[in-house]
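Undergrad: Each chain, written out:
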Amino acid sequence: MLVLGIETSCDETAAAILDDTGEVLSNVILSQIKLHEKYGGVVPEIACRKHIEVIDLVVEEAVKSAGIDKKDIGLVAVTVGPGLVGALLVGATFARGFAMGLGIPLIGVNHLEGHLFAGQMEHKELRFPYISLIVSGGHTSLVKALGLGHYEVLGRTLDDAAGEAFDKVAKMMDLGYPGGPIIEKMALNGIKKAYKFPRPMINDSSFDFSFSGLKTAVLYQLKGYGGAVAAPLKTDEKTVSDLAASFQEAVVDVLLDKAKKAMKYCGLETLSIGGGVGANGRLREVFSDAAEKEGWKCFLPSRNLCTDNAVMIAGIGRARFMEKKDMLKKIDVNPRLPL
Amino acid sequence: MRILSIETTTRIGSIALLENEDILAEVQICDNLRHSEGLFEGIEKMLDSAGLNIKDLEAIAVSAGPGSYTGIRVGMALAKGMAFSLGIPVQAVSSLAVLALQAGSCKNALFPIISAEGPEIYGALFSYKDCLERKSEDRVFIVDEIKQYLYAKTRILGPGIERQGQSLKELSVDEWIIDVEPMYPKASFAGRLAFKTIEGYSLDLKEIQPHYVKPIQLKWHNRGGK
Chain A
1 MLVLGIETSC DETAAAILDD TGEVLSNVIL SQIKLHEKYG GVVPEIACRK
51 HIEVIDLVVE EAVKSAGIDK KDIGLVAVTV GPGLVGALLV GATFARGFAM
101 GLGIPLIGVN HLEGHLFAGQ MEHKELRFPY ISLIVSGGHT SLVKALGLGH
151 YEVLGRTLDD AAGEAFDKVA KMMDLGYPGG PIIEKMALNG IKKAYKFPRP
201 MINDSSFDFS FSGLKTAVLY QLKGYGGAVA APLKTDEKTV SDLAASFQEA
251 VVDVLLDKAK KAMKYCGLET LSIGGGVGAN GRLREVFSDA AEKEGWKCFL
301 PSRNLCTDNA VMIAGIGRAR FMEKKDMLKK IDVNPRLPL
Chain B
1 MRILSIETTT RIGSIALLEN EDILAEVQIC DNLRHSEGLF EGIEKMLDSA
51 GLNIKDLEAI AVSAGPGSYT GIRVGMALAK GMAFSLGIPV QAVSSLAVLA
101 LQAGSCKNAL FPIISAEGPE IYGALFSYKD CLERKSEDRV FIVDEIKQYL
151 YAKTRILGPG IERQGQSLKE LSVDEWIIDV EPMYPKASFA GRLAFKTIEG
201 YSLDLKEIQP HYVKPIQLKW HNRGGK
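Same order as they appear, the protein sequences are chains A and B. Quick note: the first sequence uses my numbering, first residue 1, plus one each step. Quick note: the second sequence uses my numbering, first residue 1, plus one each step.
If you're looking for bench data, these hints aren't it; they were derived computationally from the structure. All values derive from a computational prediction rather than experimental measurement. Some hints here could point you the wrong way.
[Said to hold, decoys possible] Okay, derived cross-link-like pairs now, DSS-like style, lysine-lysine, Cα gap no bigger than 27 Å in a straight line:
1) B:Lys-55 x A:Lys-70
2) B:Lys-45 x A:Lys-71
3) A:Lys-124 x A:Lys-238
Model the full structure from these sequences, guided by the hints.
TA: Shown next, in the form of structure tokens:
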């Protein structure tokens, strides 16, 4: 059975095809980053307009580059939440129309479950149970994944998502959008200990996160507020690099610490990472090193499966469908769909 | 030619099944279009009642706006998805032209209106004596400024009456003929208009894309995080 996956929950229009065995035949992503760049964030109406404009082209390209006949597709999986409601509606309605035309089943997929499952798509040795760290522009969660559909959210961010903090800090320093890749690049030449930023909630016994205070600490350092420094910093390249490196290190430190605590608490020694911040080079390095040194397993999907994509949507949809064939004939989008 | 027609640009949506210009079935969708569920149930019901299979469809007509942005996109997404899997063409039409066709022939000019944001309306001028003719492009107006565009005795109709009927009456000083009840665009008429267009009667939209008429007005959004 060939599976078509469709993802339109935020600012990427994506479609992918999986073959009978679940292997990836095509993975098409049309990013809208350029459109949202000048606003420093995702503008919902712009995102929705772009999704509907290109959805048919993106799906057509996925079918074409997979080298299949669309009539051989046996299942459509589509993201129904969480995300921007208008954006979700475009993908979900297109998918339902497509499935109805071919008379094939359709399954609605949780975007977060897609991120949670992305590791398993690439690493066959990754099996439940494991701890999943989902960390992106819209989400930061630690999840105990016991089996397909059996998830316990251990903790989540109480304010900004980690990726959102990257965006906001980049904006503060006039570095542009999206913040993740830019901060990562600037941090390469920076000194990680140049500035002592807080590791929010690192001593808190919960598995929740908070990145808003860290962001404010960067702002105070930059502007010279709060007595930390007497005067605003000069934003020369050296300073910006040091700020970027110190900030990035603080985020990664908190993520690693909480992930390790979650594994210990649950008695699990396997961690899988999903979401756009999982593409961050420093995070990948720190997590891989820690896993190797401390003897636990860390699974990192390749970068293009960390950021939003339709492969993970097709993958989790396929897995769910094979488990229980009569699932979800109806699809209702839900912008706040919980895991 | 068997046509599935979709009209979801205003509060009251509908879908219809046509054989050329003849209506085989029509279903009104009053539920929240955000859940688009009614659309799909409606299509199944119509096909059943007409004794047709989805594969018997030969074209899809879609009302592309102006109107509700979300409604426009839901209709367009359904049209694009289904047309792509069936390998059949889509014809997009303007919701204002649909309303003009629906109004029927009339010796006076027709000015269908659909509410936009605040004091704004979408509108366009048509004449419909023997056949429907477009007299102006679809555009967005502030209610107060339409006076300079309309002839005396123009018939004003459409969903925009619901919100703007009173202000229009005050502006009109008995010059215009303003419908008492708002008329909503229907899928059956969108289908007829699309059929005429496919047949070469060139009145309507060339691109199979939403017809918003108005550029984006920005509203800021926080990516969530909680």
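Undergrad: Compare the structure with each hint and give your call.
TA: Going down the list of hints, with the structure as the test:
1. B:Lys-55 x A:Lys-70: holds, 15 Å
2. B:Lys-45 x A:Lys-71: holds, 24 Å
3. A:Lys-124 x A:Lys-238: violated, 43 Å
Of the numbered hints stated above, the single one contradicted by the structure is hint 3.
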